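**Q** One-letter residues, chain by chain:
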Amino acid sequence: MSEVLHRTPLYEEHVALGARMVPFAGWEMPVQYEGIIDEHRAVRTRAGIFDVCHMAEFRVFGFGAFEALQHLVASDLHRIDELGAAQYTVMLDEAGGVIDDLIVYHTGDLEYLVIANAGNHDIDVDWMRAHLPGDIEFVDESDRTGLIALQGPEAVRIITELAGHEPPARFHIAEAMLDGSIPVLLGRTGYTGEDGVEIVCSAAAAVAVWRLLLSYPEVTPCGLGARDTLRLEMGYPLHGSDMDRTTDPLSAGLGWVVSAKKGDYVGRDAVEHIRAAGLKRRLVGIAVLEGVPRHGYPVLHEGSEVGTVASGTFSPTLGHGIATAYVPVALAEAGTRLEVSIRRKTVEATVTRPPFVTKTSLST
Amino acid sequence: MYPTDLRYDKEHEWVRVEGDAAYIGISDFAQDQLGEVVYVDLPSVGDALAAGETFGEIESVKSVSELFAPLSGAVVEVNNELDKSPEMINSDPYGAGWMIKVALADPSQLDDLMSAGDYESFVANEA
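Same order as they appear, the protein sequences are chains X and Z. Under our numbering, think of the first position of the first sequence as 1, with each following residue one higher. Under our numbering, think of the first position of the second sequence as 1, with each following residue one higher.
Everything labelled a hint here was simulated from the structure, so no lab data went into it. Just so it is clear, the structure is predicted and the values come from calculations on it, not from any experiment. Any given hint could be a false lead.
Claimed, not checked - Computed footprint of chain Z on chain X, listed as stretches where at least three residues anywhere in the stretch have a Cβ under 8 Å from a Cβ of chain Z:
1. 311-319
2. 357-363
To be verified - Straight-line distance between alpha carbons at most 20 Å, and here's what the computed SDA-like set of lysine to any residue pairs gives:
3. X/K345 with Z/G95
4. Z/K84 with X/D38
5. Z/K10 with Z/A50
6. X/K345 with Z/N80
7. X/K345 with Z/D41
8. X/K345 with Z/V40
9. Z/K101 with Z/V78
10. X/K345 with Z/L42
11. X/K345 with Z/S65
12. Z/K84 with X/E290
13. X/K345 with Z/F68
14. X/K345 with Z/D32
15. X/K345 with Z/Y39
To be verified - Over the 12 Å line for every Cβ pair with chain X, so calculated as not near, a few chain Z residues:
16. P3
17. E77
18. G95
19. D106
20. D112
Ideal placement from N, C-alpha and C gives every residue a C-beta, glycine not left out.
Let's have the full structure, built from the sequences with the hints guiding it.
**A** See below:
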C-alpha cells in the first residue's frame with residue numbers, strides 16, 4: 001500500500017463534504033458522500049455531479065488526424081464528420097483485445113478530443129504515440145483538464161441556466177461560458193443513463209465549476225459507488241471488468257461500435273476472423289433476486305460452471321442484484337435460467353437483456 | 001460514543017446480555033464503514049455458533065463482509081425483519097438492527113470482549 005495516489009483538483013472539496021476517499025485506478029477518489037443509494041436516487045430523480053477529473057483527455061489534431069484516429073478505433077469515425085459530434089468507441093490491439101473504450105469528440109476543424117479511462121492512461125498514451133503517424137499532433141491534456149459530470153432529469157435545465165443557452169444535442173459537444181466567466185466544453189454524454197452533460201474545463205477552474213453546480217440545492221455530489229450502480233443498471237460496460245485485452249468487442253456486446261465496412265484499422269483482421277468463426281461466449285445481463293453478485297463469482301447452468309460474473313452490484317432502483325457475465329452463446333438468450341454461486345450458496349439468476357432499468361430521462 | 005451496556009469484539013460485533021442469552025449485532029462504526037446494507041445472511045434458530053467463527057454475511061452496495069460470532073452458543077432467535085429492511089442495521093444498529101439472539105454456552109467468554117471505552121480506543125487505532 002505504498003503506492004502514491006494522484007489527487008484530482010477537487011480533492012479538498014470532497015474531504016470538506018465528508019466523502020469517503022478510496023484508491024481507484026491510481027487515484028484517491030470519493031466512493032460516497034452520504035450514501036450510495038441516496039446519491040443514486042438523486043441522479044435518477046433530480047441531478048448529481050461526479051468528479052471525473054481522473055479520466056484521461058487527449059487532443060489529436062492536424063492534417064491527417066481523422067485518418068490516424070480512424071485507423072486506431074473500431075468505429076467508423078465518419079459518423080462524427082459533423083463538427084461537434086461524438087462517438088463512443090473501442091481501441092483494439094492486433095489480436096482484437098480491447099485496450100480501452102473511449103469517447104471521441106470532434107471538437108474542431110482537424111481536431112479531436114479523446115476521453116479515456118483513468119486506469120488505462122499510461123497504456124493509452126504509449127499505444128497512441130506508437131500507432132499515430134509521427135506528423136499527427138498528440139497532446140496528453142489529462143493533468144491540466146478538469147472533467148465534471150452533471151447527470152439527471154434536472155441536469156439540462158441547470159446547465160442551460162448556467163450557460164445561458166441549451167447544451168448541444170445528445171452525443172455532441174460545444175463551447176459554453178458558465179456563469180458568464182468560466183469557459184468550458186459541454187459534452188452531452190454520460191455514464192448514468194440519465195440526460196446531462198460532461199463538463200470539460202481547465203483543471204484550475206474545476207473547483208469553481210464544482211461549487212457553481214453545488215450552489216443548486218437540487219444537485220447532489222455523487223461518488224464512484226453511485227457511478228457504478230447507475231452505469232450497471234444501464235448495462236454500460238466498464239473496462240477492466242466487462243472487457244479488457246483478453247476479450248474481443250463482439251463477445252463483449254460491443255458489436256454495434258465495430259464497423260465491418262470501414263477500411264483497415266488495428267485489430268480489424270482479428271475481429272473479422274472472430275465474427276466469421278462465430279462467437280463462443282457473450283457478455284449478458286443477469287438478474288439475481290437473492291444476494292448480490294460480484295465480479296469473479298462463478299455462473300452455473302444446471303449445476304455446472306459455465307461462466308463468470310464480470311460486473312455485479314445491487315440495483316437501488318430495482319432492489320435486487322444485477323450483473324453482467326460471460327456465458328456460452330447457447331445460454332445467452334434472455335430468459336435463460338442460470339445460477340450464480342455467491343460464496344456458500346447458489347442462487348437463481350435469469351438472463352436479462354440490459355438496460356435493467358428502462359425508464360430514465362433519456363428514454364422518456 | 002458507544003453504548004456502555006454492550007460488549008464488543010475486534011470484528012465490530014456487539015453483544016447485549018439479557019439473562020442467560022445475548023443479542024448480537026454490528027457496531028455503528030461497522031455499519032458506517034460498510035455503507036448501506038442491502039442484504040444480510042443469518043443463521044437459523046437452533047444453529048450452533050462457535051466464538052470467532054463466521055455466522056453469516058452482510059452485503060452493502062459496495063462490498064460483502066463476514067459476520068463473526070463473538071460468543072459460542074445456540075441461536076434462539078433471528079431478526080427476520082432484516083430480510084425486508086436490512087437498512088435498519090444502518091439506521092439503528094443497536095436496536096432494530098440486532099441480528100441474532102444466542103443462548104450463552106460459556107458466559108466466561110464475555111470477559112474476552114471489550115468494554116465500550118476499550119472498543120472506542122480500538123476503533124480509533126484502526127481508523
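**Q** Against this structure, judge whether each hint is valid.
**A** To see whether the hints hold, each was checked on the structure:
Given a C-beta distance limit of less than 8 Å, the hint that chain Z covers the stretch 311-319 of chain X holds, as 3 residues qualify and 3 suffice. Judged by the Cβ-Cβ criterion of 8 Å, the stretch 357-363 of chain X is not covered by chain Z as claimed, because only 0 of its residues qualify and three are needed. Taking the CA atoms of X/K345 and Z/G95, the gap is about 29 Å. The hint is violated against a cut of 20 Å. A threshold of 20 Å between alpha carbons decides the hint, and for Z/K84 with X/D38 the separation of about 18 Å falls inside it, so the pair holds.
For the given pair, Z/K10 sits about 15 Å from Z/A50 by alpha-carbon distance, which is consistent with the 20 Å threshold. For the proposed pair X/K345 and Z/N80, the alpha carbon gap of about 19 Å is at most 20 Å, so the pair holds. Among the hinted pairs, X/K345 with Z/D41 is consistent with the structure: their alpha-carbon atoms are about 10 Å apart, no more than 20 Å. A C-alpha spacing of about 13 Å is found between X/K345 and Z/V40, which places the hinted pair at or below 20 Å, so the restraint holds.
With a C-alpha separation of about 6 Å, the suggested pairing of Z/K101 with Z/V78 holds against the 20 Å cut-off. Pair hint X/K345 plus Z/L42 holds up; C-alpha atoms about 13 Å apart against a cutoff of 20 Å. The straight-line distance between the Cα atoms of X/K345 and Z/S65 is roughly 15 Å, inside the 20 Å bound, and the hint therefore holds. Between the alpha carbons of Z/K84 and X/E290 the distance comes to roughly 12 Å, so the proposed pair stays at or under 20 Å and holds.
With a C-alpha separation of about 18 Å, the suggested pairing of X/K345 with Z/F68 holds against the 20 Å cut-off. With a C-alpha separation of about 26 Å, the suggested pairing of X/K345 with Z/D32 is violated against the 20 Å cut-off. Taken as a hint, the X/K345 and Z/Y39 pair is honoured in the structure, with Cα atoms around 14 Å apart against an allowance of 20 Å. The beta carbon of Z/P3 is kept farther than 12 Å from every beta carbon of chain X, the shortest such distance being approximately 23 Å.
The Cβ of Z/E77 lies farther than 12 Å from every Cβ of chain X, with a closest approach of about 22 Å, so its non-interface assignment holds. The beta carbon of Z/G95 is kept farther than 12 Å from every beta carbon of chain X, the shortest such distance being approximately 19 Å. Listed as outside the interface, Z/D106 is consistent with that label: its C-beta sits roughly 26 Å from the nearest C-beta of chain X, beyond the 12 Å cut-off. Distance to chain X confirms Z/D112 as a non-interface residue, since its nearest Cβ pair spans about 26 Å, more than 12 Å.
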